[in-house]
Amino acid sequence: MALYSEKVMDHFRNPRNVGSIENADGVGEVGNPVCGDIMKIYLKINDDQIIEDVKFETFGCGSAIASSSMSTELIKGKPISEALKLTNKAVTEALDGLPPHKLHCSVLAEEAIKSAVKDYYDKNGIEYDPADFPEEHDCEHCCG
Amino acid sequence: MFVYADNAATTAVSKKVVEAMLPYYTEVYGNPSSLYTVGQKAKEALEDARERVAKLIGAKPREIYFTSGGSEADNQAIISAARLGAKKGKKHIISTKFEHHAVLHTLQALEKEGFEITLVDVHENGVVVPSEIEAAIREDTALVTVMYANNEIGTIQPIAEIGAICKAKGVLFHTDAVQAISHVHINVVEQNIDMLSISAHKFHGPKGVGVLYARGGIVLTNVINGGAQERGKRAGTENLAGIVGMTVALEDAIAHIDENNEKFAKLQDKLIDGLSKIPYSELNGDRNSRVKSNVNFCFEGIEGESLLLLLDDKGISVSSGSACTSGSLDPSHVLLAIGRPHEVAHGSLRISLGEDVTEEQVDYIVKSVTEVVEYLRGFSPFWDDLVEGKRPHVFKESSIA
Chain L
83 MALYSEKVMD
93 HFRNPRNVGS
103 IENADGVGEV
113 GNPVCGDIMK
123 IYLKINDDQI
133 IEDVKFETFG
143 CGSAIASSSM
153 STELIKGKPI
163 SEALKLTNKA
173 VTEALDGLPP
183 HKLHCSVLAE
193 EAIKSAVKDY
203 YDKNGIEYDP
213 ADFPEEHDCE
223 HCCG
Chain Y
38 MFVYADNAAT
48 TAVSKKVVEA
58 MLPYYTEVYG
68 NPSSLYTVGQ
78 KAKEALEDAR
88 ERVAKLIGAK
98 PREIYFTSGG
108 SEADNQAIIS
118 AARLGAKKGK
128 KHIISTKFEH
138 HAVLHTLQAL
148 EKEGFEITLV
158 DVHENGVVVP
168 SEIEAAIRED
178 TALVTVMYAN
188 NEIGTIQPIA
198 EIGAICKAKG
208 VLFHTDAVQA
218 ISHVHINVVE
228 QNIDMLSISA
238 HKFHGPKGVG
248 VLYARGGIVL
258 TNVINGGAQE
268 RGKRAGTENL
278 AGIVGMTVAL
288 EDAIAHIDEN
298 NEKFAKLQDK
308 LIDGLSKIPY
318 SELNGDRNSR
328 VKSNVNFCFE
338 GIEGESLLLL
348 LDDKGISVSS
358 GSACTSGSLD
368 PSHVLLAIGR
378 PHEVAHGSLR
388 ISLGEDVTEE
398 QVDYIVKSVT
408 EVVEYLRGFS
418 PFWDDLVEGK
428 RPHVFKESSI
438 A
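Protein chains in written order, with this note's numbering: chain L, 83 to 226; chain Y, 38 to 438.
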């Protein structure tokens, strides 16, 4: 079996929603260059709390790029409340699976989206339950 | 276009080698330990191979032990030296920070048994300084083991100088010559090498076969116990077809060292000059003291696995020292040992040429790498930060000499 599923390779080769959004309503960046992956998510959110547009920029391996691409597809056009429910498991399943040592890429995607939504809430003075935005996991698990 | 440029990982078995091997599967298939004719014919072929391999490195046939490859040879050399040393109360071993894992992990296992390990620095250029080995040698040093050429960055080590130092100090000296044997002229006597490891699949021989040379008088410790093969030092029915194939491949490789080096040198220059034009990139390892087939670069702002997957889509087979490709969580220990920071080590690329690689293919590699690096930087937030000055650059904009 190849390292990655066809779906992962498709999203890696033809990433959806690549780029940035000028004057984005929310921006989230997670990861660390020392660990070898950074994901940045840009959100355009309308008055109805719908994610009208989403873009990503990623520094990382094939599965990091594919996870970013897939997660943007999963939340585009959806209400924020739904985006916040996106789990790394859902991203992994949508990609037809990731190798075990690459699962952290899908975790980063989930965290990047949450971080962008949090940024939107902060910028607009919208109250939220901090429990919905757990601290980003630290880097210790992934590099020395 | 298909370009295989990962010859430091493995090589294609040459047709000549395959042809030389075939009779030992179907005709001379006897067990060399058997006394009847087909067994004794196999035994003759085995001893013929031993003589020929010995001659190629300036050794005696009795000093050649056939193994399953480079890793086994490294393990056995180091464990043997450790056991010999321990008998005399010597439990200190000197090596370098950027050895192959077959060496480093064996040393780590010995460390748990109570050996003390000193790993000397390999400096920014990836070359050991012999006087630093000399300074590290103690009364209780059992072994010095330094690779001949590094597998990732191709830098060649001053083996003859280190050999002379070890001889003068009376310390055993082993070298892992897996990446060097087909690129550098090696003579174990002239270069004062006590033990040396070779692997066949790095020079168009088959996988799963290698050599441990151990100077006469060095009593080896078995890593594999069982029958009396290899003078009782390596049990298991000999991989005769593999051994014959390796012998033919090694003769071919060594006969063509100078010719190949001349060809590789031109292509290496072309690759280095071409890739140096990519902004914020740098060659890893000394430009001059390196095997001519190796080019290893780091590119800021990108990650190596995505680079090599996209190059694979373009038909180019190369490798990277990023964490994602190393199978571990850290990037290459070799790149870290020469002082590359983690974030740069993740963006590395190793190209290792083979005899079939053409100038046209080299141009294609340079063009493709340039395109893919630019493409990946195009949506890398790390690259954006470097461009915007939010994070400091590691390299200069241009590394053109």
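It is worth saying that the hints were derived from the structure and are not from the lab. Among these hints, one or two may not hold up.
Unchecked claim - Under the rule of at most 27 angstroms between Cα atoms (straight-line distance), these lysine-lysine pairs were calculated in the DSSO-like manner:
id, chain 1, residue 1, chain 2, residue 2
1, L, Lys-158, L, Lys-205
2, Y, Lys-92, Y, Lys-270
3, L, Lys-205, Y, Lys-433
4, Y, Lys-127, L, Lys-196
5, Y, Lys-97, L, Lys-89
6, Y, Lys-149, Y, Lys-128
7, L, Lys-200, L, Lys-158
8, Y, Lys-427, L, Lys-126
9, Y, Lys-97, Y, Lys-78
10, Y, Lys-206, Y, Lys-125
11, Y, Lys-92, Y, Lys-127
12, L, Lys-167, L, Lys-200
13, Y, Lys-149, Y, Lys-307
14, Y, Lys-80, Y, Lys-97
15, L, Lys-200, Y, Lys-427
No experiment lies behind these values; they were computed from the predicted model shown.
- Could you grab the alpha-carbon distance between Lys-205/L and Lys-433/Y and see if it respects the 27 angstroms cut-off? Measuring from Cα to Cα gives roughly 37 angstroms; hence the hint is violated.
- Item | Given pair status - Lys-307/Y, Lys-149/Y, alpha carbons within 27 angstroms | violated, 46 angstroms
- Distance restraint between Lys-92/Y and Lys-270/Y, which requires alpha-carbon spacing of 27 angstroms or less: Satisfied, since the Cα-Cα distance of roughly 21 angstroms is no more than 27 angstroms.
- For the pair supplied as a hint, Lys-206/Y and Lys-125/Y, is the alpha-carbon distance within the 27 angstroms limit? Measuring from Cα to Cα gives roughly 15 angstroms; hence the hint holds.
- Query: Given the hint that Lys-167/L pairs with Lys-200/L, does the C-alpha gap stay at or below 27 angstroms?
  - Reply: Holds. Lys-167/L to Lys-200/L sits at ~13 angstroms (cutoff 27 angstroms).
- Regarding the pair Lys-92/Y and Lys-127/Y, is the alpha-carbon distance no greater than 27 angstroms? With a Cα-Cα distance of about 33 angstroms, the restraint between Lys-92/Y and Lys-127/Y is violated, given a limit of 27 angstroms.
- Query: Taking only the CA atoms, is the gap from Lys-427/Y to Lys-126/L under or equal to 27 angstroms?
  - Reply: OK: Lys-427/Y and Lys-126/L at ~24 angstroms, within 27 angstroms.
- Hinted pair Lys-97/Y and Lys-89/L, Cα distance within 27 angstroms: Violated. Lys-97/Y to Lys-89/L sits at ~57 angstroms, over the 27 angstroms cutoff.
- Item | Restraint check for Lys-158/L with Lys-205/L, where alpha carbons must lie at most 27 angstroms apart | holds, 20 angstroms
- Within 27 angstroms, alpha carbon to alpha carbon, are Lys-80/Y and Lys-97/Y? holds, 18 angstroms
- Item | Satisfaction of hint between Lys-196/L and Lys-127/Y, Cα-Cα up to 27 angstroms | violated, 58 angstroms
- Message: For Lys-97/Y and Lys-78/Y, compute the direct alpha-carbon distance and say whether it is at most 27 angstroms.
- Response: holds, 22 angstroms
Going down the numbered hints, you'll see the structure goes against 3, 4, 5, 11 and 13, while the others check out.
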